[in-house]
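Residue numbers (the numbering used here), protein chains in the order written: chain A, 1 to 372; chain B, 1001 to 1318.
Note that these hints are calculated values from the structure, not bench results. Cβ atoms here follow ideal geometry from the backbone N, Cα and C, with glycine treated the same way. Mixed in with the good hints, there may be bad ones.
Footprint (simulated), chain B over chain A, 3 or more residues, beta carbon under 8 Å [what the hints assert, rightly or not]: (1) 29 to 36; (2) 71 to 77; (3) 217 to 228; (4) 280 to 286.
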Amino acid sequence: MSRLRALFGFQESGLVLVVLVIGAVLTIFSEPVRRPKFEILPDGTRQRVFTTDASGERVPAFEEKNKFLNAENLTQLAKDTSFVAIMAVGMTMVIIAGGIDLSVGAIYALASVLGATLLNRYGPDGAAAGALGDGSVLAALAACVAVGVACGLANGGLTVALGVHPFIITLGSMAILRGIAFVATDGLSIGRFPPELQNLVLRPIAGLSLVPLFAMAVVTAVGWVYLARLAAGRRVYAVGGNETAAHFSGIKVNRVKLGVFVFSGLTAGFAAVLNIGYYGAASSGDGQGYELNVIAAAVVGGASLSGGKGTALGAVLGALIIQMITSGIVILGMEQKYSQIITGSVVIAAVVFDKFNSWLSRRRLLGAAAKP
Amino acid sequence: MKTRLFLLAAALAALVPAAHAQRTLTIGLVAKSQGNPVFQAARVGAEDAAKELGAKHNVRIRIDWRTPNEEDAQKQAEAIEQLVLTGAEGIAVSCSDANKLTDAINRAVRDGVPVATFDSDAPNSRRFVTYGVDDLECGEQTMDELAKVMGGKGIVAVLAGNQNAPNLQKRVQGVREAAKKYPGISIRDVYYHKETPQDAAARVEQVMQANPDITGWAMIGGWPLFTENALKWQPGTVQCVAVDALPAQLNYIRSGHVPVLLAQQCYQWGYRSVEHLVNKIVLKKDPPAVVDVSALIPVTKANVDEFAKNWDKWLPSR
Chain A
1 MSRLRALFGF QESGLVLVVL VIGAVLTIFS EPVRRPKFEI LPDGTRQRVF TTDASGERVP
61 AFEEKNKFLN AENLTQLAKD TSFVAIMAVG MTMVIIAGGI DLSVGAIYAL ASVLGATLLN
121 RYGPDGAAAG ALGDGSVLAA LAACVAVGVA CGLANGGLTV ALGVHPFIIT LGSMAILRGI
181 AFVATDGLSI GRFPPELQNL VLRPIAGLSL VPLFAMAVVT AVGWVYLARL AAGRRVYAVG
241 GNETAAHFSG IKVNRVKLGV FVFSGLTAGF AAVLNIGYYG AASSGDGQGY ELNVIAAAVV
301 GGASLSGGKG TALGAVLGAL IIQMITSGIV ILGMEQKYSQ IITGSVVIAA VVFDKFNSWL
361 SRRRLLGAAA KP
Chain B
1001 MKTRLFLLAA ALAALVPAAH AQRTLTIGLV AKSQGNPVFQ AARVGAEDAA KELGAKHNVR
1061 IRIDWRTPNE EDAQKQAEAI EQLVLTGAEG IAVSCSDANK LTDAINRAVR DGVPVATFDS
1121 DAPNSRRFVT YGVDDLECGE QTMDELAKVM GGKGIVAVLA GNQNAPNLQK RVQGVREAAK
1181 KYPGISIRDV YYHKETPQDA AARVEQVMQA NPDITGWAMI GGWPLFTENA LKWQPGTVQC
1241 VAVDALPAQL NYIRSGHVPV LLAQQCYQWG YRSVEHLVNK IVLKKDPPAV VDVSALIPVT
1301 KANVDEFAKN WDKWLPSR
């Protein structure tokens, strides 16, 4: 029993329980689905399996699976979660430090279109084909990340230099950056990339596209280490908890604020890499409205909008919960028009459950401390 | 004895439905956005086709409507992937971004799920059929009709919706190319906006405030005409030709603000897409051509009331 208590005594345990409960509900209440049968070849790719019917004709083979609890659907869920989750880790840092970043969707779009433009221009069919040799993919990836960092620097720099609330700064930069993306592309979608990037992101492992899941795990791990294990991360909590006290403790508050915006931009740039790698195209309309999804994921994951609270793992779990609800509506065959009502209601329920679990944990701790 | 006969009959009766259990065929429908009534008409068309063709082929056809609330190509790609995973046997999609959806469509086809497109195509994908207007010709026809009512001279503004939509980009191209035929006509600019009626109406108002010399509007989608009083000028002082002719938009024909509406067959987007998919999946029949072109129907004061009656069938009943 004490091991169970220890297992569920960590900060995000409530969210993990919510994920498990939603998963259990979806598993139990989803109908079985008839899916084409595939076999995994030695190179990791999938191939359809065929059989012979009663009349001797070669027909595709099918198998029945649980609509939710099957490897393909869980991989799909991880992929759909990964874009928002990666940006939510960055957003959580900004929120912990007492700020907000409304421009993440626009940074995602701008980084995506710049990377896409480079891939298109210097790829094998592009206007400057061969000019970068085999380096066009690396250049595009570097460009995505560099744009993210640069935008983060601009947001953080303006916030700190002008002393204006980041809500205003990032509200303005959201419009500017998306406008730049539109002007740079004339509103056109950019595609026709060299295949190397998509081959990397879509690379099958045991027949599944697991690269987005690994990317999400890496960003989560980096975020967790930074916030929970490094002094720099503790300084972020200190600034968000009490900026004045942090200043008088010798913490360079402006440097911390600048750093969290850079990290937020970095995660948006990294998510842009996944975007162009997975979907093979980008446009200035990408990520429209994603800032709200990212903020929702961070807050559902336990970040407090008044600062000083939140974790990287919580952000990812928050994104996962929201995505499970969205996917669950499809899996359970519910009418699409109710999706916003259902999503909002379950988000509130998830947060209430998490708060209740935290209260229970505090009570247990107080009870244990009071014992002689 | 009677009891045994009764039990035997009951057992046989229970077997009969099992022996003739109807096949259920799920077809996914992914339009661009929920808010646009043209896609609501497409949904009605799809549901009607599902009923009629289902009865004809003794198949229960279920339309799984998975359209994002607002235009978002990534959400559409996710919807296609989810539909494949949840057992849809066919998908019809109107693409917000052809480049972004091409891979999702190809993966669906690779997994054995045929995909049809309507309204806005993904020409480089492995979709087996596309149904809709020829967008280049649509843009040209819009400009030709406008030039006719403008007498071949004036300053034109183009209202163009989502700048990323490939079908709308083609229509704009068509407008520009047709405008070259009319030396007395100049295009002030192409104005984009979020594809909601309110945003479109606001855009028209802003442009007219800043450019009171505009004498014609080529609306390659009739978004602002879903609102009341979107066109704040006296009928006939500024000419307007728009694509689509839904009920709210027809009032502008009656008021004289809009001489011509070019109606897309949005009900048929859904109906024909389901028809093609059923032919492909149930009858194993491919369409005669990959591109199934639908014509625009001009609606003027002469036929507006007759045309209006169609919407009783084409839109969802409340």
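Now the hints, each set against the structure:
Taking a C-beta to C-beta cut-off of 8 Å, the stretch 29 to 36 of chain A contributes 4 residues in contact with chain B, enough for the three needed, and the coverage statement holds. For a cut-off of 8 Å, the count of residues in the stretch 71 to 77 of chain A with a CB near a CB of chain B stands at 3, and the three-residue condition holds. Interface restraint, the stretch 217 to 228 of chain A with chain B: violated (0 residues with C-beta to C-beta distance below 8 Å; minimum three). Proximity of the stretch 280 to 286 of chain A to chain B, defined as three or more residues with a beta carbon under 8 Å from a beta carbon of that chain, is established by the 7 residues found.
The structure is inconsistent with hint 3 alone, although it conforms to all the rest.
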